[in-house]
Amino acid sequence: MAPAAGDQPILSVRGLTRSFGDQVIVRDLDLQVNAGERVALRGPNGSGKTTILRCITGALIPTAGEVRVGGHEAGSQAASRELGASLSQDRSFYLRLTGHENLLFFAQLRHGSRAGALAQVRALVEELEIEDIVAKRLDSCSTGMLQQVGFARALLGAPHLFVLDEPTRSLDQGAKGRLWAALERRPETAVVIATHLPDDVEHCGRHVDLRS
Amino acid sequence: MALTRRDIQVYLSYRFMMTLDLWIGVLDVIVYYFISETFEGAASADLGNAPSYFAFALVGIAVTVVIEATSVGVGSKIREEQLTGTLEALVAQPIKTTEMAVGLCGLPFAISTLRVAIYILLGAIAFGLDLSNTDWAGFVVMLVLISTAMSAIGIATAAVVLAIQRGQTVAGLAIFAMTLISGAFFPVSVLPDWLEAIGNLMPTKFAFDGFRSALFEGSGWEDDALMLLAFSVTAVPLAIWLFDRAMLLARRWGRLAQY
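So the protein lines, in turn, are chains C and A. Take 1 as the starting number for the first sequence in the numbering used here and just add one per residue. Take 1001 as the starting number for the second sequence in the numbering used here and just add one per residue.
The set of hints was computed from the structure by calculation and includes no laboratory data. It is possible that part of the hints are untrue.
[To be verified] To give an idea of the interface, some chain A residues facing chain C are shown, with a C-beta separation under 7 Å as derived from the structure:
1) 1006
2) 1088
3) 1093
4) 1251
5) 1256
[Claimed, not checked] Here are the simulated distance ranges between beta carbons:
6) 112(C) <-> 1008(A): 17 to 25 Å
7) 1031(A) <-> 112(C): 44 to 52 Å
8) 1165(A) <-> 119(C): 34 to 42 Å
9) 24(C) <-> 1031(A): 56 to 64 Å
10) 174(C) <-> 1008(A): 30 to 38 Å
11) 114(C) <-> 1027(A): 32 to 40 Å
12) 1140(A) <-> 116(C): 31 to 39 Å
13) 1013(A) <-> 181(C): 31 to 39 Å
14) 1008(A) <-> 158(C): 22 to 30 Å
15) 116(C) <-> 1121(A): 36 to 44 Å
16) 1023(A) <-> 139(C): 20 to 28 Å
Glycine residues also receive a C-beta, built at the ideal position from the N, C-alpha and C atoms.
All chains should be built: construct the whole structure from the sequences, respecting the hints.
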């Protein structure tokens, strides 16, 4: 896939404010992320990390300000093609299907052809060493296993920006290693993660501190 | 196609419910057969082109399955996606709202078509339903048009569910009332005049009449098909537009996921 656009940042957040009713969760946030950069959004529970990520994926529309991904308005089809997200993994899968069936479904939404989607899922499953996990129905998987499938889903379609919500929260050491290794193999892809774990922050070149 | 394939996979995973759905329909067919036998020879109302009350009611059962699946079923599906959190994951994918709306209708169409075929075959094989005059092309055209027309109601219901997190129950009641007064299980001619007038205006009336014409007369379904086509051409784009607006509202209000 070609880079998103010339010199423009892959992610541009300007004056982002998001409220729920009277409660302002995120206030006037500016953030620019370039290709290959890794940014950690750090802060305690309730500081708005996940809300920011949801605004980036387009699941939420900002109350004020704008979010652009690869130059496109967040939530548009073009912007969604630029990013791979892994948010609230344990609630965003079809639990009565296997991991493989889930990944194939989401791959097809990005890829179109079933054969292409199948090849991509096979390659990812092999890379992340999750063959045993994806063979199971997801309602029999642990949170950590679901998290690994969620990460695999974020990699589908070779996006230019990964948006990951507490990506290592429930992972064992081996799975954490595979996750960071997979990101290392994609040096051109920008990463924005929400975390409160020092280990995750260390893997990022830059961090943004949020306050509750 | 991917959305439909996924829905079919999930549906097949509920084997007990799937079998139960089918058997409830079969039970309906049997019950109406014996009701028909009970009143055979009694003075009857105008059954239109159906040769017996059983034939009349069988079409009522079959078409109601399609109507309910493609209308209420679609609204319930979007609510399920909202509750389980998968809707938010779907929205993060590069698909159009139109594709999502149309994709939601795939499973109801596939399953209800299969069930209609089973009930009609059961009527013919077990209860002597005469299909010698059936216009099979008309049968297929009517089935597709009924599904398409009712999908508009389903997509509109999904839009309401997205916006207010409720609505599928009200839609279910409305659809039940529509089918009842438009000739599912008794002719509209037995209704009070004012109710008959309303029943004659319902799109479901054209569904029942056209399907019976195709199945029992082999002709005369074309006008009903045209009415359903006109309804579909008007209502489906409107419903998709509503769904798109509702999706925007849900993103603005933060209601894509509700768990």
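Each hint tested on the structure:
1. 1006: holds, 5 Å
2. 1088: With a closest approach of 5 Å, the residue 1088(A) hint holds.
3. 1093: At about 4 Å, which falls below the 7 Å cut-off, the nearest Cβ of chain C leaves the hint on residue 1093(A) intact, so it holds.
4. 1251: Interface hint status for residue 1251(A): holds (5 Å vs cutoff 7 Å).
5. 1256: holds, 5 Å
6. 112(C) <-> 1008(A): 17 to 25 Å: Cβ of residue 112(C) to Cβ of residue 1008(A): about 19 Å, so the range 17 to 25 Å holds.
7. 1031(A) <-> 112(C): 44 to 52 Å: Holds, since residue 1031(A) and residue 112(C) (Cβ atoms, about 47 Å apart) stay within the stated range.
8. 1165(A) <-> 119(C): 34 to 42 Å: Holds - the Cβ-Cβ distance for residue 1165(A) and residue 119(C), about 39 Å, lies within 34 to 42 Å.
9. 24(C) <-> 1031(A): 56 to 64 Å: holds, 59 Å
10. 174(C) <-> 1008(A): 30 to 38 Å: holds, 35 Å
11. 114(C) <-> 1027(A): 32 to 40 Å: With Cβ atoms ~38 Å apart, the hint holds.
12. 1140(A) <-> 116(C): 31 to 39 Å: holds, 33 Å
13. 1013(A) <-> 181(C): 31 to 39 Å: Holds, since residue 1013(A) and residue 181(C) (Cβ atoms, about 34 Å apart) stay within the stated range.
14. 1008(A) <-> 158(C): 22 to 30 Å: Between residue 1008(A) and residue 158(C), where Cβ atoms are some 28 Å apart, the hint holds.
15. 116(C) <-> 1121(A): 36 to 44 Å: Given about 39 Å between the Cβ atoms, the range holds.
16. 1023(A) <-> 139(C): 20 to 28 Å: holds, 26 Å
In summary, this structure violates none of the numbered hints.
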